[in-house]
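For the record, the sequence lines run as chains A and B. Sequential numbering of the first sequence, starting at 16, is according to the working numbering. Sequential numbering of the second sequence, starting at 16, is according to the working numbering.
Calculated from the structure, these hints are not laboratory results. Mixed in with the good hints there might be a few duds.
No copy is singled out in the list; a pair is fine if it fits within one copy or between any two copies.
Unchecked claim - Quick list of in silico lysine-lysine cross-link-like pairs, DSS-like style, CA-CA up to 25 Å: (1) K34 <-> K182; (2) K211 <-> K89; (3) K261 <-> K103; (4) K102 <-> K271; (5) K70 <-> K23; (6) K145 <-> K271; (7) K103 <-> K269; (8) K271 <-> K182; (9) K92 <-> K145; (10) K23 <-> K211; (11) K182 <-> K103; (12) K34 <-> K261; (13) K23 <-> K92; (14) K23 <-> K261; (15) K102 <-> K211; (16) K72 <-> K211; (17) K145 <-> K34; (18) K92 <-> K269; (19) K261 <-> K51; (20) K271 <-> K34; (21) K165 <-> K145; (22) K182 <-> K89; (23) K269 <-> K89; (24) K92 <-> K34; (25) K51 <-> K211; (26) K72 <-> K271; (27) K102 <-> K165; (28) K271 <-> K70; (29) K47 <-> K89; (30) K34 <-> K116.
Since we're looking at a predicted model, the values are computed, not measured.
Protein chains: 2
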Amino acid sequence: MTATQNQKLYGAIEAGGTKFVCAIGDIHGDIKESIKIPTTTPEETLSQSLDFFRKYKNIEALGIGSFGPIDLNKNSKTYGYITSTPKKGWQNVNFVGYFQKSLNIPVGFDTDVNAAALGEYKWGAGQNLKSIVYLTIGTGIGGGVLIEGKPIHGILHPEIGHICVPKFTGDSFDGVCPFHENKCLEGLISGPAIMKRWGLQSDQFPEGHAAWEVISYYLASGLMSIILTISPEKIILGGGVMSNLKLFPLIRNKIKSMLNNYLQIPEILENINDYIVPPGLQSDSGIKGSLALGISQ
Amino acid sequence: MTATQNQKLYGAIEAGGTKFVCAIGDIHGDIKESIKIPTTTPEETLSQSLDFFRKYKNIEALGIGSFGPIDLNKNSKTYGYITSTPKKGWQNVNFVGYFQKSLNIPVGFDTDVNAAALGEYKWGAGQNLKSIVYLTIGTGIGGGVLIEGKPIHGILHPEIGHICVPKFTGDSFDGVCPFHENKCLEGLISGPAIMKRWGLQSDQFPEGHAAWEVISYYLASGLMSIILTISPEKIILGGGVMSNLKLFPLIRNKIKSMLNNYLQIPEILENINDYIVPPGLQSDSGIKGSLALGISQ
């Protein structure tokens, strides 16, 4: 690696429904400067982001990890757009085009969760693994999937938060998902679902509260489905709800008990503590993954 | 391509729990000769298979698509083995080693369903697609997943037949899966489950029989989960149960209704008839895919 490569700078945007994180970093994933910008209107938020990047004259490329759904099909007329999002004012916004035109540099684009998975693959808990799944459980529930270091897209991109799981016995909660009500993970145990069920944030549950069993049951059900479908080498769980680390052992135990010795492999039977883990980059998976999207351009 | 390449021959084994199909074919997927051998003891079945291949002096390589679970980890001491199968006498059989030693040629090895997916990718309904899922619904339920033309493995390999799905309202069937009883697809709607529920094969249901709704509901639930997790470009459904083609429109309609317009993409909203399809190779997906495993060595 030459000295010049070491000095190259890249831009990154982690675009969320409540805030944008904009950052400048290098090929090692070191963030030199970053700011937070509230997500208001596209005009306001995008131009404030642009102002931040314009301070740097020598950015090689930009990476964007965005809330969605977004169009990732490079053959599509609306490639690089945020498409049918419920977020007011943000439908059909040409996200990639705006920065490509204004900064005249290559722009990498993916979902916020695929970006977070990429960050964990490059510099976090998923380094050198052939397949990882990153799941965020917060205001929404979403998942990114990396196979051989590359995010999978297919007909759209994974939307793991909306997989439907068997009901926890006796659970009569009516759900919060506008599409799947109380049937999908997001409807059953996203942050807003938890607040609606029990009037509490996920880090406020007292010992013995019913929420522990319900949340860990549904997450274990969803993860069992993911393990049996993708067979990933590691599963990384982030987001506000998972900042409550006491959920991890409950989830791991329930997965083992649900699989019931069907998968005779050490990752499940012996080393599940290393298999289902918190993000190695703490809350930086998304922004560092967005940086990686820029670097890979 | 040279004339020599065109003339090269490859061996293939589709290894199932009731029979082995052994075949000789070329790089175009054309089968020159094939035989069926009952799956009895490993000694008997493997040596009969070997006799078939020994008739040919010039086989370049062999491909095996096998029932499982199998060990696909090339760094493992038991790579190429059938491992913890419930099939009597077939535990810890060194499948790859047996043929590698006896024939002294390279041997490709994967699950029967990953092989079938590969066959469909090379010569069937999944040609030139970036990601496909092949599901077989028969004596067991299994799934193969191809990303960029390569079967995914991870910590083991996909075992999609065992994903757990929400209950059909009022369904009190106690299931047939020894691991997950009435909670997973295989326990609920595999061939033996259908026989135990209604005393019928899946091609014997009269018009209006309750089975249509139950089977299509569970398959649609499982496929919804697969679509939201992998976002594959095509889903191919094979196996004995799916030879009843009337199930296809029922499944497609239920998936649309369960997704409830969440995925605003033409593959689901407009062209679902081309998205969820029977195998292009009919019952040859597995043996031709095994051939492809040999060719790729």
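Results of checking the hints against the structure:
Taking identical chains as interchangeable, the C-alpha atoms of K34 and K182 are never at most 25 Å apart, the minima being 33 Å within one chain and 39 Å between chains. Taking the shortest Cα distances, K211 and K89 never come within 25 Å of each other, neither inside one copy (39 Å) nor across copies (49 Å). With identical chains, the CA atoms of K261 and K103 are never at most 25 Å apart, being 35 Å at best within one copy and 42 Å at best between copies. In this homomeric assembly, K102 and K271 come within 25 Å of each other (Cα to Cα) only across copies, at 23 Å, whereas the closest approach inside a single copy is 38 Å.
Proximity of K70 to K23 under the C-alpha cut-off of 25 Å is restricted to the intra-copy arrangement: shortest distance 15 Å within a copy versus 62 Å between copies. Within a single copy, K145 and K271 get their C-alpha atoms as close as 23 Å, which meets the 25 Å cut-off; across copies the closest is 32 Å, which misses it. For the homomeric pair K103 and K269, neither the shortest alpha-carbon distance inside one copy (38 Å) nor that between copies (30 Å) is at most 25 Å. For the identical chains of this complex, K271 and K182 are neighbours both inside a copy (18 Å) and across copies (21 Å), given an alpha-carbon limit of 25 Å.
Proximity of K92 to K145 under the C-alpha cut-off of 25 Å is restricted to the inter-copy arrangement: shortest distance 20 Å between copies versus 32 Å within a copy. Proximity of K23 and K211 under a CA criterion of 25 Å is satisfied in neither setting, with 47 Å inside one chain copy and 66 Å between copies. In this assembly of identical chains, the alpha carbons of K182 and K103 never lie at most 25 Å apart, being 32 Å within a copy and 35 Å across copies at closest. When the C-alpha separation of K34 and K261 is checked against a cutoff of 25 Å, the pair qualifies neither within a copy, at 27 Å, nor between copies, at 49 Å.
For a Cα distance limit of 25 Å, the shortest separation of K23 from K92 qualifies neither inside one copy, at 32 Å, nor across copies, at 44 Å. Neither within a single protomer nor between protomers do K23 and K261 lie at most 25 Å apart by alpha-carbon distance, with minima of 40 Å and 59 Å respectively. Proximity of K102 and K211 under a CA criterion of 25 Å is satisfied intra-copy only: 20 Å inside one chain copy versus 49 Å between copies. Taking the shortest Cα distances, K72 and K211 never come within 25 Å of each other, neither inside one copy (47 Å) nor across copies (71 Å).
With identical chains, the CA atoms of K145 and K34 are never at most 25 Å apart, being 31 Å at best within one copy and 33 Å at best between copies. For the homomeric pair K92 and K269, neither the shortest alpha-carbon distance inside one copy (45 Å) nor that between copies (30 Å) is at most 25 Å. In this assembly of identical chains, the alpha carbons of K261 and K51 never lie at most 25 Å apart, being 29 Å within a copy and 54 Å across copies at closest. Taking the closest pair of Cα atoms, K271 and K34 never come within 25 Å of each other, the shortest separation being 37 Å inside a single copy and 33 Å across copies.
Both within a single protomer and between protomers do K165 and K145 lie at most 25 Å apart by alpha-carbon distance, with minima of 9 Å and 12 Å respectively. Within a single copy, K182 and K89 get their C-alpha atoms no closer than 39 Å, and across copies no closer than 39 Å, so neither meets the 25 Å cut-off. Neither within a single protomer nor between protomers do K269 and K89 lie at most 25 Å apart by alpha-carbon distance, with minima of 40 Å and 30 Å respectively. Taking the shortest Cα distances, K92 and K34 never come within 25 Å of each other, neither inside one copy (27 Å) nor across copies (50 Å).
With identical chains, the CA atoms of K51 and K211 are never at most 25 Å apart, being 28 Å at best within one copy and 59 Å at best between copies. Taking the shortest alpha-carbon separations for K72 and K271, neither the intra-copy value of 52 Å nor the inter-copy value of 49 Å comes in at or below 25 Å. With identical chains, the CA atoms of K102 and K165 are never at most 25 Å apart, being 28 Å at best within one copy and 37 Å at best between copies. In this homomeric assembly, K271 and K70 never come within 25 Å of each other (Cα to Cα): the closest approach is 51 Å inside a single copy and 48 Å across copies.
For a Cα distance limit of 25 Å, the shortest separation of K47 from K89 qualifies neither inside one copy, at 31 Å, nor across copies, at 41 Å. In this assembly of identical chains, K34 and K116 lie within 25 Å of each other by CA distance solely inside one copy; the values are 23 Å within and 61 Å between copies.
Figure legend: structure checked against the earlier numbered hints; hints not met, in rising order: 1, 2, 3, 7, 10, 11, 12, 13, 14, 16, 17, 18, 19, 20, 22, 23, 24, 25, 26, 27, 28, 29.
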